[in-house]
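Participant: Starting from the known structure of chain A, fit chain B onto it as the hints suggest.
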Amino acid sequence: MIAADVAWMLLSTALVLLMTPALGFFYGGLVRTKNALNTLMMSVCALGFVGVAWALLGYSLAFAPGLPVVGGLGHALLAGVALEPQGSIPHLLFMAYQGTFAIITAALASGAVVERMRFPAYLAFLVLWSLFVYAPVAHWVWGNGWLAGLGALDFAGGTVVHVNAAAAAVVAALMVGPRKDYARQAILPHNVAFTLLGAGLLWFGWFGFNAGSALAANGSAALAFVNTLLAPCATLVAWTLLDLWRAGKATAVGAATAIVVGLVAITPAAGYVGPLAALALGAFAALPSYFALLWRARTRLDDSLDVAAAHGVGGITGALLTGVLASQAWSGGADGLLFGNPRQLGVQAVAVLAVMAFSALATAGILKLIALFTPVRVSVREEGLGLDLTQHGEEAYARDEGAILVLPREAAADALPAAAAPQLAGGRA
Amino acid sequence: MKLVVAVIRPEKLSEVLEALFRAAVTGLTISRVQGHGGETEQVETYRGTTVKMELSEKVRLEIGVSNHFVEPTVQAILRAARTGDVGDGKVFVLPVDKVYRIRTGEADEAAVTPVAAEAPAAG
Chain A
1 MIAADVAWML
11 LSTALVLLMT
21 PALGFFYGGL
31 VRTKNALNTL
41 MMSVCALGFV
51 GVAWALLGYS
61 LAFAPGLPVV
71 GGLGHALLAG
81 VALEPQGSIP
91 HLLFMAYQGT
101 FAIITAALAS
111 GAVVERMRFP
121 AYLAFLVLWS
131 LFVYAPVAHW
141 VWGNGWLAGL
151 GALDFAGGTV
161 VHVNAAAAAV
171 VAALMVGPRK
181 DYARQAILPH
191 NVAFTLLGAG
201 LLWFGWFGFN
211 AGSALAANGS
221 AALAFVNTLL
231 APCATLVAWT
241 LLDLWRAGKA
251 TAVGAATAIV
261 VGLVAITPAA
271 GYVGPLAALA
281 LGAFAALPSY
291 FALLWRARTR
301 LDDSLDVAAA
311 HGVGGITGAL
321 LTGVLASQAW
331 SGGADGLLFG
341 NPRQLGVQAV
351 AVLAVMAFSA
361 LATAGILKLI
371 ALFTPVRVSV
381 REEGLGLDLT
391 QHGEEAYARD
401 EGAILVLPRE
411 AAADALPAAA
421 APQLAGGRA
Chain B
1001 MKLVVAVIRP
1011 EKLSEVLEAL
1021 FRAAVTGLTI
1031 SRVQGHGGET
1041 EQVETYRGTT
1051 VKMELSEKVR
1061 LEIGVSNHFV
1071 EPTVQAILRA
1081 ARTGDVGDGK
1091 VFVLPVDKVY
1101 RIRTGEADEA
1111 AVTPVAAEAP
1121 AAG
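Just so you know, the sequences run in chain order A and B. For reference, each letter of the first sequence is one residue, going 1 to 429 in the working numbering. For reference, each letter of the second sequence is one residue, going 1001 to 1123 in the working numbering.
One chain only, chain A, in its complex shape (with noise of 0.2 angstroms):
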């Protein structure tokens, strides 16, 4: 084992760790006042379901020796994982910060969900996705499985987790269906500087998911670490010049995903492309995210806060660039298209369609189980008081006018109504 390896991927686990309530400010202020909290929940109740899920279960299914298509048992309850080396870090760290990855990828699908999904639905739907479906599509590309024997390229997770959440977060949209309110009427976000202090956050967290994917505290990391630098900035730039072009003003919410876009695209590419290839990579990446958002908002689809636009168009772009782009000079290994190796490209190409058609099929089974017990979506009634106050007996922003403290001897005298309303009533009159 080596110090600085394990000093780096303990500070990395905790960073990754930041970008799950990150996650949950950023889509909490593109929603209205009255699902602010609901949206959050959804990101920070995926630390805990989908934490323990893969403690208990999921990382042995996705790094346990076992099939091409999925891990095995063995680690199951975290048996043999402990402080012998893997790598040169703690196997049990390496688990850590393997569920760093779990967490944040459940909880990216909740965008395309929120404002209408049942809360205890979406639980199981955490626990459920982040096992049969999450769990598998790593053994696929880290666990030795049948898409690292092809050769394909996906340095911290552009397939395995943008495009993986964004076809589940399509078929998830597609299966509650639309909110009602959706193409009717303006739908707001609610604080978009929530919106942008999540897009900052997400980045700080984010060089631990990319520098951290190098496993170490070296070269690898570095470059890493400087491409999540720079790629989300020439996105950022091109973003905004895009927003100027077309409509003649830079916006806030547009700078947030614009953020969201490089960071996605830059994910799989990070340690295999030089720092210009970044920049070139990130600038680009900003076009078909940008025109697919614009093209979805024209839709019947609701994927209410575009993760198929930002982390599925994103990540696709991102994984194909990695086929193009990746240089054996910084990579140590595979060259892409530019480097004299077209093969890579039709790997990258490979991967994301499969990875794509088996999140969906399994994403879709998922909810038809969890829709066999109990409903998925909120009533219409529920959806119009807001699912804070439905779901969650809460409100973000409650004031205290006639908020009546409820003593727990009253609560006794709640089950008799008759008795204490006509005397809360005469007070009013």
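Because the hints were derived from the structure by calculation, they are not lab data. Ideal placement from N, C-alpha and C gives every residue a C-beta, glycine not left out. Where hints are given, some of them may not hold.
[Claimed, not checked] Derived pair list, reagent style BS3-like, types lysine-lysine, alpha-carbon separation capped at 27 angstroms:
(1) A:K180 <-> B:K1090
(2) B:K1098 <-> B:K1002
(3) B:K1012 <-> A:K180
(4) B:K1002 <-> B:K1012
[As the list claims (entries may be wrong)] So, partial list: chain A residues that the calculated Cβ filter (under 10 angstroms) puts toward chain B:
(5) A186
(6) L385
(7) E395
(8) A403
Facilitator: Relative to chain A, chain B alone:
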């Protein structure tokens, strides 16, 4: 002339505005208010502190209309704001002594009759 005052559910505001505009009612004022109309209190819990929210968020609309507009205005609100549950709100129709339009000084019926929007001055 009458003043129509309606108190409605905030989540119904968009539908009510749509219905009013369809009924050619164009001049109105809204405010966000809180009130209680006998609906079940919402119970919220914060760290073991349970509270009953006795006041619910409502939106109040105030619409000054000429007499023949009263019925279409009221009907539009009744149709669009109704869910059938307690707490849908109220519509009040009040007599009005005088109305003035500030821009022109016009009074009464003339002041509540919408004029065709003039083209905004250049610049």
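Participant: The structure should be examined with respect to each hint, and the outcome stated for every one.
Facilitator: Now for the hints, and whether the structure bears them out:
1. A:K180 <-> B:K1090: Distance of about 25 angstroms is within 27 angstroms: holds.
2. B:K1098 <-> B:K1002: Status holds; Cα separation ~10 angstroms.
3. B:K1012 <-> A:K180: holds, 12 angstroms
4. B:K1002 <-> B:K1012: Since the Cα atoms of K1002 of chain B and K1012 of chain B sit roughly 23 angstroms apart, the hinted pair holds (cutoff 27 angstroms).
5. A186: holds, 8 angstroms
6. L385: holds, 7 angstroms
7. E395: holds, 7 angstroms
8. A403: Holds, because the Cβ-Cβ distance from A403 of chain A to chain B comes to roughly 4 angstroms (cut-off 10 angstroms).
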